[in-house]
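A.B. asks: Sequence:
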Amino acid sequence: VCWGYNTYGQCTVPAGLATVTQLAMGTYHTGAVKGDGTVVCWGWNDYGQCNVPAGLANVTQLAMGQSHTGAVKGDGSVVCWGNNYNGQCNVPAGLATVTQLAMGGGHTGVYIPTPLEICTETVAVLEAENAALTKAIANLTAQIAVLNFGDLNQDGVVDGADLTILFANWGITTGG
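Going by my numbering, the first residue of the sequence shown is number 4, and it counts up by one from there.
No wet-lab data here; the hints were simulated from the structure. Since this is a predicted model, take the numbers as computed values, not measurements. The beta-carbon is built from N, C-alpha and C at its ideal position, and this holds for glycine as well. Check each hint, because a few of them may be wrong.
Stated by the list, open to error - DEER-style ranges, computed between Cβ atoms:
hint : residue 1 : residue 2 : range
1    : G38       : C14       : 32 to 40 Å
2    : A21       : A134      : 35 to 43 Å
3    : A139      : A105      : 42 to 50 Å
4    : A134      : G90       : 45 to 53 Å
Construct the entire structure; sequences and hints are all you get.
C.D. replies: Quick look at the structure:
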């Protein structure tokens, strides 16, 4: 739902627009990221700021300036379109791992996590995986111990007496 100044149709949401995951607003244009990662824009379009590039998909964030629009894709790349009078749509070569895009009247900026932030996230994932692996190894070791309990009373025979000792170690009485 949009409201307010609507001279250019920037508050007139397209009919049938549903499953919106993000909304962005420029001076006189509005856009939305849909649940399928595609983008829809409407309102003032004198500079092509509402002309979504063909094939644009997998969008995770949308930003709008005065008369330009940009999107961050799932791979961290950036796509910009619309008024480029100040070079605000000239995405620098090699720009990657962008997580946030911002736009002003005639300028554009991005946030790129530092290698330390990326490394910290990776370490957290690895620690969680290591904890799960450690638990799985402990469970497997316990199962092996049950199957190969051995000669616990050291009488040279693996028998029921050894099971009684094993169960006692676990706090289980055999009633015998």
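A.B. asks: Does each hint fit the structure? Answer for all of them.
C.D. replies: Now for the hints, and whether the structure bears them out:
{"no.": "1", "hint": "G38 with C14: 32 to 40 Å", "result": "violated, 22 Å"}
{"no.": "2", "hint": "A21 with A134: 35 to 43 Å", "result": "holds, 40 Å"}
{"no.": "3", "hint": "A139 with A105: 42 to 50 Å", "result": "holds, 44 Å"}
{"no.": "4", "hint": "A134 with G90: 45 to 53 Å", "result": "holds, 48 Å"}
Checked against the numbered hints above, the structure violates only hint 1.
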